[in-house]
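Student: The lines below spell out each chain.
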Amino acid sequence: MLRQLSLAVVLLSAASVHSDEISVAVAANFASPMQKIAAEFEKDSGHTIVASFGSTGKFYAQIKAGAPFEVLLAADDETPARLEREGEGVAGSRFTYAVGKLVLWSRREGFVDGKGEVLGRNDFHHLALANPRLAPYGAAGVQTLQALGLLEKLRPKFVTAESITQAYQFVASGNAELGFVALSQVYRDGRIAEGSGWIVPPQLHDPIRQDAVLLTRGRGRQGPTALLEYLRGEKATSIIKSFGYER
Amino acid sequence: MLNPSDLAAVWLTLKLAGTATAVLLLLGTPMAWWLARTRHWAKGVIGALVTLPLVLPPTVLGFYLLVLMGPDGMLGRLLAAGGLQPLPFTFAGLVVASVIYSLPFVVQPLQQAFEAIGEQPLEAAATLRANPWDTFFAVVVPLARPGFMTAGILGFAHTVGEFGVVLMIGGNIPGKTQVLSMAIYNHVEALEYEAAHRLAAGMLAFSFTVLLLLNALKPERVR
Amino acid sequence: MSIRACFRLPYPAFTLDVDVDLPGQGITALFGRSGSGKTTLLRCIAGLEKAASGFLAVNGEIWQDGARRLPVHRRPLGYVFQEARLFPHLDVAANLDFGRRRIAADQRRVSLARAVELLGIGHLLERRCDRLSGGERQRVAIARAVATSPRLLLMDEPLAALDHARKQEILPYLEQLRDELEIPVLYVSHAPDEVARLADHLVVIDEGRAVTQGPLAEVLACVDPPLRLGDDAGVVFSGTVVERDAEWHLSRIVFAGGEVWVRDGGAAVGRRVRLRILARDVSIARSRHEDFSIMNLLPATVISHVAEDHPALALVQLRVGGTPMLARLTRHSAWRLELAPGQQVWAQIKAVAVVG
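Chain order of the listed sequences is U, E and P. With my numbering as the guide, the letters of the first sequence map in order to residues 1 to 247. With my numbering as the guide, the letters of the second sequence map in order to residues 1 to 223. With my numbering as the guide, the letters of the third sequence map in order to residues 1 to 356.
These aren't lab readings, by the way, just hints derived from the structure by calculation. Everything numeric in this text was worked out from a predicted model, so none of it was measured. A portion of the hints provided could be inaccurate.
[Unchecked claim] Below 30 Å or equal to it, Euclidean Cα-Cα: the simulated BS3-like pairs (lysine-lysine) are:
(1) U/LYS153 to E/LYS43
(2) E/LYS43 to P/LYS50
(3) E/LYS176 to U/LYS58
(4) U/LYS157 to E/LYS176
[What the hints assert, rightly or not] Listed next, the stretches of chain E that the computed footprint assigns to chain P, with coverage defined by at least 3 CB atoms under 8 Å from CB atoms of chain P:
(5) 115-125
(6) 136-148
C-beta atoms are modelled at their ideal positions from N, C-alpha and C, and glycine is treated no differently.
The task is simple: from the sequences and hints, build the whole structure.
Tutor: Dropping the structure here:
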């Protein structure tokens with residue numbers, strides 16, 4: 001589902017000699033931080049951001065089909081690399097803008113303990129996770145279970161969501177008692193806002209790197225380059241961290 | 001040509017579509033009959049309710065079904081009170097969702113077929129000693145046969161092609177809730193275009209053949 | 001043996017309000033203009049008008065009493081609709097069998113073979129219904145109703161949708177039904193010629209009410225209230241063929257009160273036939289004239305005369321022996337002849353039709 005969300009009012013600041021409208025494809029899990037960053041960026045730079053939120057796989061197909069995106073903020077590091085290889089991304093523009101944190105989360109207070117021992121107890125019907133073939137958070141969940149030696153035992157309880165958003169819906173609606181979701185989905189103001197969760201130690205799975213890449217359509221334009229630069233900056237970094245991501 | 005999990009998805013899809021179509025015809029026939037015959041004030045309301053699944057985007061409908069069937073949902077609580085398993089992530093759940101989703105596609109052609117029959121043959125049958133049930137099976141069903149065919153075809157095809165709803169409440173469990181459309185979608189998202197094309201082409205060819213066959217079997221409108 | 005029907009059913013255009021006792025045998029015609037309520041009455045009797053309140057007893061069996069009603073499918077009746085209403089998904093044979101196989105075996109008094117024979121449809125049995133002509137469809141529909149061995153046969157203008165030739169094709173079958181089956185028939189019609197030919201009893205319906213009823217001959221001859229049939233006003237009575245003249249192709253028929261010569265229609269000597277004499281074919285003379293073409297000249301007594309709808313015309317009721325007769329003349333002629341009740345006159349009859 002591609003939702004076109006125009007975030008900005010054009011701000012014509014006197015300081016800005018040149019103002020671009022930047023078309024950005026953003027991974028759905030990064031929607032909230034991106035809205036905040038975009039507002040700040042527009043204020044600071046005078047450029048305007050038109051952001052589309054959706055699944056990275058769909059963005060890939062659309063970019064290959066000529067979609068007019070200038071920047072991609074992907075949910076993984078593979079897709080940007082692939083686009084760069086295939087000539088749709090500008091060589092050397094890739095960097096990791098956020099590292100996702102995996103959390104085993106339940107809507108119920110106290111269901112998930114601080115060490116994830118609930119997985120060993122195995123007293124639940126469904127364990128939700130994003131499709132490991134499609135989503136890095138899903139793959140990370142599988143790696144975690146493997147590291148804990150629980151993968152084969154728990155596999156029959158998997159309910160696999162199309163995206164990390166849907167995995168969250170499975171758990172939030174109570175249909176699955178617990179699931180691997182992105183910390184950013186349940187993290188507000190420096191803590192897990194609701195229910196109970198175990199933030200999975202990063203050593204149990206490969207890092208969930210979310211990479212950004214400048215697409216060929218944005219090459220040589222001032223706005224897209226400025227946005228990528230801004231994402232590396234201090235202001236963006238603190239926003240990103242406040243949503244439960246690492247840098 | 002197809003890997004085992006894709007084959008399982010194909011089989012599951014046929015099973016789901018077949019079951020859902022049977023349930024739809026069983027449920028849709030009395031509904032359509034009532035809608036076609038009644039002058040009750042609630043006719044408009046019920047008719048609109050039946051049509052509503054056409055309005056909601058499938059994933060949205062799926063989301064609400066997920067909530068409704070969940071442990072806090074009305075339906076979920078009702079089932080739990082009856083000592084039954086929760087529906088999400090089960091084949092039964094998919095059937096329920098498919099039935100709700102495809103209901104207008106079955107009820108509307110049936111209702112139209114029943115309305116087209118009108119009062120006259122029913123009166124004639126009554127004067128020939130047929131009670132209402134007898135009339136229904138001996139006169140209405142054969143006269144509405146094209147309507148039943150259309151309803152069955154649409155119900156089946158619509159269930160085969162359904163995606164948004166099963167996506168939301170299925171949980172993508174191979175062999176249990178992972179239907180064909182899900183399998184294709186997964187291939188597409190995983191950028192396995194080759195496998196996606198094979199499945200999609202197979203699905204299109206199969207559906208085309210079935211629709212063609214059914215259309216060929218469909219009798220000329222008796223008049 | 002009778003049918004008591006008492007119904008009230010308000011409609012926007014009129015209110016059906018009928019209370020009649022009908023004979024439980026022979027053909028009773030429910031006669032009236034279109035929109036008079038005669039079909040509605042028939043549907044009430046069949047139980048097809050769910051909103052009708054009333055009372056209905058057929059030869060001793062109560063079919064409806066207030067809101068308590070026997071459902072249509074439990075009433076031992078046959079119904080012939082104006083538009084045949086054959087089931088298009090069944091062939092002729094299956095249509096014929098539809099009602100018959102739904103009645104108990106011991107109730108089957110009319111066999112399928114008999115019904116087929118009475119309506120002459122043996123050659124149609126294998127046909128699909130959409131391959132039948134209008135007349136054939138109606139004959140199949142009648143046979144289908146008859147095959148249920150009904151204790152009351154209801155016919156709603158079964159010939160109205162047919163052209164003249166098709167009508168003539170079916171009428172003999174209906175006469176045969178009347179003469180050979182002992183099933184009382186209620187026959188809705190607005191065609192005086194059908195009524196004259198088929199009915200034994202006549203109920204005239206107007207604006208939802210039964211205005212006149214009685215034996216056919218009496219009602220047709222009635223001038224108070226007049227039926228206002230216009231050109232179709234006339235009488236029907238029966239007589240017996242007593243002589244056939246081979247040279248002139250004429251038959252002599254004797255009836256209560258006199259005799260007439262008619263065109264020889266093939267009826268054998270001794271046969272009872274039904275005669276129809278239209279009022280416009282009867283003129284009146286004060287004395288006997290034999291010097292013109294009319295061959296039927298009968299002594300008659302004037303009973304009464306009334307004005308017709310057209311201000312120039314008058315309808316005169318006569319009696320020829322025991323048989324009532326009507327004559328239509330101009331009011332001017334009636335005045336010139338100084339017609340008065342009890343007066344002896346000569347009725348000059350231009351045409352007599354043998355109608356069955």
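Student: All the hints need checking, so say for each whether the structure fits it.
Tutor: Evaluated hints:
no. : hint                 : result
1   : U/LYS153 to E/LYS43  : violated, 52 Å
2   : E/LYS43 to P/LYS50   : holds, 21 Å
3   : E/LYS176 to U/LYS58  : holds, 26 Å
4   : U/LYS157 to E/LYS176 : holds, 12 Å
5   : 115-125              : holds (count 5)
6   : 136-148              : holds (count 5)
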